[in-house]
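K.L.:
So the protein sequences, as listed, match chains A and B.
Counting from 1418, one number per residue, gives the positions in the first sequence under the numbering used here.
Counting from 6, one number per residue, gives the positions in the second sequence under the numbering used here.
To be clear, the hints were calculated from the coordinates, so they are not data collected in a lab.
Yeah, the Cβ is synthetic: ideal placement off N, Cα and C, and Gly gets one too.
Fair warning: there could be bad hints in the mix.
These stretches of chain B come out as covered by chain A in the derived footprint (C-beta under 8 Å, 3 or more residues) [stated by the list, open to error]: (1) 6-18; (2) 51-61; (3) 213-220; (4) 223-229.
Distance condition first, Cα-Cα at most 27 Å in a straight line; then the derived BS3-like pairs of lysine-lysine [unchecked claim]: (5) B:K229 - A:K1500; (6) B:K198 - A:K1626; (7) A:K1626 - B:K8; (8) A:K1632 - B:K50; (9) B:K8 - B:K50; (10) B:K153 - B:K132; (11) A:K1535 - A:K1432.
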Amino acid sequence: MVKHFDTSVELCGVKLTNPVIPASGTFGFGREFADFYDLDCLGAISFKGTTRDARFGNPTPRIAECTSGLINSVGLQNPGIDKVISEELPHLREIFHNPIIANISGFSLEEYEECCAKIDKEEQVEIIEVNVSCPNVHNGGMSFGTQPESAAEVTRRVKAVTTKPVFIKLSPNVTDIVAIAKACEEAGADGICLINTLLGMRIDTMRRKPVIANKMGGFSGDAIFPVAVRMVYQVANACKIPVMGCGGVSSASDVIEMMMAGATAVQVGAANLKNPYAAKEIIEALPKEMERLGIERLSDIIGIVK
Amino acid sequence: MYKKDIYTILSNEPLTPAVYRMVLEGDTQYLTRSGQFVNIELEGKYLRRPISVSDYDANTITIIYKVVGRGTEQMRTMGAGNKLDILTGLGNGFNTENDAKSPLLVGGGVGVPPLYNLCKRLLSEGKHPTVVLGFNTREEIFYLEEFKALGVDVYCSTADGSEGTRGFVTDAIRENGIQYDYLYTCGPLPMLKALYDNTECDGEYSFEERMGCGFGACMGCTCKTKYGNKRICKDGPVLKRDEIVW
């Protein structure tokens, strides 16, 4: 008899067939990846960070390669919440039939409020992921996520205008991640997603200039995985609400490690850019990895490491 | 549509001290236009290397690349029989479905390669292309003879005057009084801009940008156009003249 390996997990009442979720900003609104494979193998999709107004983003070059990762400085390029709702969301729903996570960013409390209230009304969206951790925009994004008080304030304001589960996506560029996560939990967050990218920089030594036009950007990829595991572990142990782990995940083994650290679901980001099949291949490799590690039900290992 | 597959290197040889030609064997059915590119995974490198397709047939892809960094240096050392993980069918490529009868193809440096397949295609469509290639100096010239072998008029400029017209491609076009009814070009940004400023003729310009994924997902290579934001990797690399914002 073939053994059955149960990969399903549940995030705030939202059932996922498996814990693997393409991370916001690495998967657009699914269109490009649907040309490579059937998206329905994915546990959920977190779509491109969306703001109130359409944004071009930062000047190019926006990308710098690093050892085991890359720096990006896209700067929240997106078509704006109204177009996302009228064009991208219906299309995504056509090509993907599992839960959709709406990633929302902003430059003011009012903007977070307005966008989250709008997206909350969309029945296609299951979970709202509030990005208070984008390192690539000034006076917004990360500035809300680096202090417990401001992160909590965004959480409170968003929770007041929404009915769906709200996850706050946190930045690793802080001294005390636990204090910020706990502040969000106390302010009513239904879950925490971490980590966003680490602030990084590369220099073109020939030109004696930064590689990236905006000088600095968000570092992601395999190299940040240990930092992500550590922060997921710290937050999962300090908070009662579920954690979506994110950062440098590129294999089924990484998914399981992240879950053992305390993640209920695991996002795959930069790996999608190197290998468009990354998320699909990770999901396909999960049962074999579970068998190797003697795991029958993935949900059994969430936070098993104390 | 795209394809990710394993390709086998058939040959990898220098055309100049810094420019190499690699012929790869594998599935080519997702290449549909001249000027598209492939994205090559290299061991130990996080991002793939986007390289324009110089030519292709039923089962081979020819790329011509300049050794400029660690990735291309790694490619330089790879011999026949080695295998590469490649994404193919990327980018929009040049559109030849137009009324032009005498198109002009202008390439600068490593912008030259994609024009080779384009030139063959235009000839097969019964058109009469003229080719102008620009380089810095004689030692850097490649593919001049290959273009001539196609039976088209080929002109050349070098910045130092060591071969052809001294100066830039625009000088070669002027000096030789070249007449044309459409322009296809690929090369460094200053060259593209100079061409744009020196002609009113309609045409297509192939651009370059640092890319993340190469297939339109990461928004790393976005540029502004008159018709909205475009991703060089997915909506480009070829932009029509009337949409370009400098």
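K.L.:
Compare the structure with each hint and give your call.
P.N.:
Consistency of the hints with the structure:
| no. | hint | verdict |
| --- | --- | --- |
| 1 | 6-18 | holds (count 3) |
| 2 | 51-61 | holds (count 3) |
| 3 | 213-220 | holds (count 6) |
| 4 | 223-229 | holds (count 7) |
| 5 | B:K229 - A:K1500 | 18 Å, holds |
| 6 | B:K198 - A:K1626 | 23 Å, holds |
| 7 | A:K1626 - B:K8 | 36 Å, violated |
| 8 | A:K1632 - B:K50 | 22 Å, holds |
| 9 | B:K8 - B:K50 | 20 Å, holds |
| 10 | B:K153 - B:K132 | 16 Å, holds |
| 11 | A:K1535 - A:K1432 | 23 Å, holds |
In summary, the one numbered hint that this structure violates is 7.
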